[in-house]
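There are 4 protein chains.
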Amino acid sequence: MASLEYYVQESQNLAVLGETASYIPALDEQDPSQFAVCLIDENGNQFLAGDTSTSFTLQSISKVISFIYACEEMTLDYVLQYVDVEPTGDSFNSIIRLENTEFGKPFNPMINAGAITITSLLPGQNREEKFQHLCDFMGKMIGKPVKINQEVYESEIKTADRNRSIAYYLKSNHILQGDVESVLDVYFRHCAIEVTVESLARIGLILSNDGVDPITNERFFSKEISKVAKALMLTCGMYNASGKFATFVGLPSKSGVSGGILSVAEHEDLQGLQGKIGIATFGPAIDPIGNSVAGIEFLKRISIEYDLSIF
Amino acid sequence: MASLEYYVQESQNLAVLGETASYIPALDEQDPSQFAVCLIDENGNQFLAGDTSTSFTLQSISKVISFIYACEEMTLDYVLQYVDVEPTGDSFNSIIRLENTEFGKPFNPMINAGAITITSLLPGQNREEKFQHLCDFMGKMIGKPVKINQEVYESEIKTADRNRSIAYYLKSNHILQGDVESVLDVYFRHCAIEVTVESLARIGLILSNDGVDPITNERFFSKEISKVAKALMLTCGMYNASGKFATFVGLPSKSGVSGGILSVAEHEDLQGLQGKIGIATFGPAIDPIGNSVAGIEFLKRISIEYDLSIF
Amino acid sequence: MASLEYYVQESQNLAVLGETASYIPALDEQDPSQFAVCLIDENGNQFLAGDTSTSFTLQSISKVISFIYACEEMTLDYVLQYVDVEPTGDSFNSIIRLENTEFGKPFNPMINAGAITITSLLPGQNREEKFQHLCDFMGKMIGKPVKINQEVYESEIKTADRNRSIAYYLKSNHILQGDVESVLDVYFRHCAIEVTVESLARIGLILSNDGVDPITNERFFSKEISKVAKALMLTCGMYNASGKFATFVGLPSKSGVSGGILSVAEHEDLQGLQGKIGIATFGPAIDPIGNSVAGIEFLKRISIEYDLSIF
Amino acid sequence: MASLEYYVQESQNLAVLGETASYIPALDEQDPSQFAVCLIDENGNQFLAGDTSTSFTLQSISKVISFIYACEEMTLDYVLQYVDVEPTGDSFNSIIRLENTEFGKPFNPMINAGAITITSLLPGQNREEKFQHLCDFMGKMIGKPVKINQEVYESEIKTADRNRSIAYYLKSNHILQGDVESVLDVYFRHCAIEVTVESLARIGLILSNDGVDPITNERFFSKEISKVAKALMLTCGMYNASGKFATFVGLPSKSGVSGGILSVAEHEDLQGLQGKIGIATFGPAIDPIGNSVAGIEFLKRISIEYDLSIF
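Residue numbers (full-length UniProt numbering), protein chains in the order written: chain A, 1 to 311; chain B, 1 to 311; chain C, 1 to 311; chain D, 1 to 311.
In isolation and in its complexed conformation, chain A is listed as follows (with noise of 0.2 Å):
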């Protein structure tokens, strides 16, 4: 059996396939052939490799973390008013199934206008407040401080006409509440939230182990919500290659265009890692579908090898 750092190893070696998302001019200026791994298991034990010192930014990971807080405050039948949990082969920010749909109502919380209706459903009186709540959950869970890269936010801010005629649609439709620019102000702030492959491994944790951290045994979310959010990670997580993901590899899993993946795991002897696992990788090189090319080939080599399909 290959040992976690072989297949580390191997997977960087794949970086040179993929590119850095050329939209925003900080996430081209990464190193494409950087790679980060953290796991961490239900007892604390990590195994860390490659660049874990780097941060990046969530994007679409941000997803994930809005949802859960958006039905741990709001209630999950609340949520799903406005938003439904269906997987869609539409490109993440497509905007035709909200004509062809219904009452607009998107599809779900993984493509931009489901994050944009649920960043509109957060608790809070106006934008600071909204984005203050959601930092706080995850300061929490990550045990620091959560702060912005100001320069990838305001990137986005400009670059943001697509998100913004998504996010009229949805208004039109009564779907979104709220004033239109703050809601996506507060959108592309979660985007920008600055993590290494540690904070985003120990989110994977919780997670994987139902809500409640298994360290500190704090509860940070409802086991239901936990596994609703687990559903959609794997139903809708991966962009357009959620289903091939599913099939090959089998791990709840959300990417972000950063480059950066978070999945859950469980296992009795990873290397040493047992019981509930959860995994961040970062690799900047991203496939034309959004995924993190060293990303995907680590979790898929790892999947094969332990067995870590939950199929």
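By construction, these hints were calculated from the structure, which means they are not laboratory data. Among the hints, erroneous ones may be present.
For identical chains, the list gives no copy identity; a pair is met inside one copy or between any two copies.
Below are the BS3-like pairs computed for lysine-lysine, each with C-alpha atoms no more than 30 Å apart in a straight line [claimed, not checked]:
| no. | residue 1 | residue 2 |
| --- | --- | --- |
| 1 | LYS105 | LYS158 |
| 2 | LYS244 | LYS223 |
| 3 | LYS105 | LYS144 |
| 4 | LYS140 | LYS223 |
| 5 | LYS300 | LYS105 |
| 6 | LYS105 | LYS223 |
| 7 | LYS144 | LYS223 |
| 8 | LYS147 | LYS223 |
| 9 | LYS158 | LYS244 |
| 10 | LYS147 | LYS158 |
With chain A's structure known, arrange chains B, C and D on it following the hints.
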């Protein structure tokens, strides 16, 4: 042969089958039984019937005028780089084809996506200048200053999220030029320009006579632009009933949800009217597609009676 | 003023920009540099140029003839229960709108879905009778028996799966009447009918003269049906370039991928031709949309030169 | 903790909320209040409740079996050249995505377009052989000969035009292999295969145990294929409610409009059942989406009660 008066009466009787547009209070409050008609020929002879003193807003009829003005000022070739001239079976406010078409170029200037794009191409340093230029152009054609219905304008700005969504989509595809909110502001002011059937029929007369007012001999736009505008009116001017209107009426026409219709015709002796003829009707009770019930009926009846169809 | 001969030559020179249709060997083997033109006026005066002896198959031009014949035999009202008359921006062989439209009624008779439906409405006990009736109708118009190109017919039947898919979709929506394979057989025979530019221009003349052959004074179809057919040709007759053709040429026309175009016009003195005029061109080099490059150019040039546009 | 018997009763009470499938008389005539359940564990322990002697046709459940068999015989790589494994929000019988997707490859084998393609890939010289091979494969799994409901098969063949349309579309895109009518014939025979909940649960047990029958230790398909099949069941197995079922039930499952559902689970002690478990339910009253009302309710209730969700 029945008289025009007879057809006015017969058509007005059908107005009960329609309803006033409900999305704006100012439109909804119009008297649905109203009906006014004006025909004017190249010698200045007029036929007037009904409540001809009533003003109504142009709404989508403005799309023809802004298209003509943009082409006249910026050249047809320039304008056609941003908007195509193909009919589409989609709704006037559909966004789907922008996603499904390469480059996201709107199919024609008679749907909202196309008309908003046209508005963004108008000459002028800012929104005031852009709108003023257009008003000057139109004011010269109708021989009096142009003014807008402030209440309608403000209502439209407030309920504009679907159009805002379209505009930001166009912006994200680099089709719409300039600032979205400024463009939308000018667009909604166009829509809120007030006219009477007399003013509107005069514009029809100029269109009928290839861009020259036959009474004053003043040219307002080129013959080529006139032909393009009339072709667009015929193929795309009556919302999703454009094909049926072309087939069964056969007059280049453009309607608005306020209940107005602008048409052009030609005849040797239409109850005394001769040669090039401009026609305007106003009946605020519209059908589900958005066309004035009485207006459609009147144009259909006189087209058959006087063999006015261009086919 | 340049002569018609000059425009024929100029247009033929452009044929190199197109290519013969490649999906059927018999069409692909045509000489792409060929170009033939016939104009005939209401007094029987003809203008002929190019390889006028060459026969070519009607392909989509047959859609006009079968529509007219179905309306004449079954009434316009009956036919319009099964097919609408609205233009669409979709491809001629698109199936999407059948799924997205209530009842799945084809948008117009000039796209394959509409033309296949029309074929199913033709009178006759079986495929032989249906086709024979149509041939008789057309044969009387052109004054000689109609025959098909057997090789083309057999090729089309073999490569017919897309049309078969459309036909079964229509059948499942209860739009197409009768047996699918019989209907398709008659449909492909229509498409494979051979004509010369002289025969085709004669049909154009009859259309131009509202259903009556002005030379023999024989009526073939009603004025109403003639108007509907010409409106459809203008709004939907030139595939996805119908809008551009209406705008820049402005003659009701129908083209086929074999390279033929049928047009109608009217003029006081078009190089000696007077009054109602039928036009046919044949140039097998087609553009990517499916229209004859030389044919389009010729019609555009003479439309501008002689001011033939109906707008 | 409530008993399985209790949940069977509770779920059966809800059957009144559904209706039997109406498009085929033989399905419509089923007793809508019927409900049968079978669970079988890896030691051969069974739980049986309700009308377990009733046979019902597989309908869409056959899609799982034909997919597995095609992969086992032709290799997974080969099959995935023709069908993707991505979920889609479209209806099971939608044709739109075949037009909108490059190459027209069906999105997954659980929609009709994908399943018809899979059928065309089955080994065998002709339709009889193809079907016989599949029956042999399935017969070995359930330990008795497979037979079809002739009445259902004949009804489906008669009302097959929508599927015929899909098949010819696939053929025109060179996705479907072989003769369309033969493929459809085999496809409809699959759909008409009769099973009882006992037979179906046995197949579920084999799937649950990665392709090996744990009672006989016979391997029927590879672990890899088993994982792919279960991933497809989870992401696409319950029609347009697949996402909601994954979220709130979380068991890889496939349903058919006859009212059957095939599921897989695992538990330490589910009322005496231990380890890998196969589940089958049959309740012919279906919801508008096509899933058995009682079946969905039963699986949801026991998933919550026994914490069966894979998430």
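Now for the hints, and whether the structure bears them out:
no., hint, verdict
1, LYS105 - LYS158, "both (26 Å within a copy, 22 Å between copies)"
2, LYS244 - LYS223, "both (27 Å within a copy, 17 Å between copies)"
3, LYS105 - LYS144, "neither (35 Å within a copy, 47 Å between copies)"
4, LYS140 - LYS223, "within (18 Å within a copy, 41 Å between copies)"
5, LYS300 - LYS105, "between (33 Å within a copy, 24 Å between copies)"
6, LYS105 - LYS223, "within (25 Å within a copy, 38 Å between copies)"
7, LYS144 - LYS223, "within (24 Å within a copy, 43 Å between copies)"
8, LYS147 - LYS223, "within (27 Å within a copy, 44 Å between copies)"
9, LYS158 - LYS244, "neither (33 Å within a copy, 36 Å between copies)"
10, LYS147 - LYS158, "within (20 Å within a copy, 36 Å between copies)"
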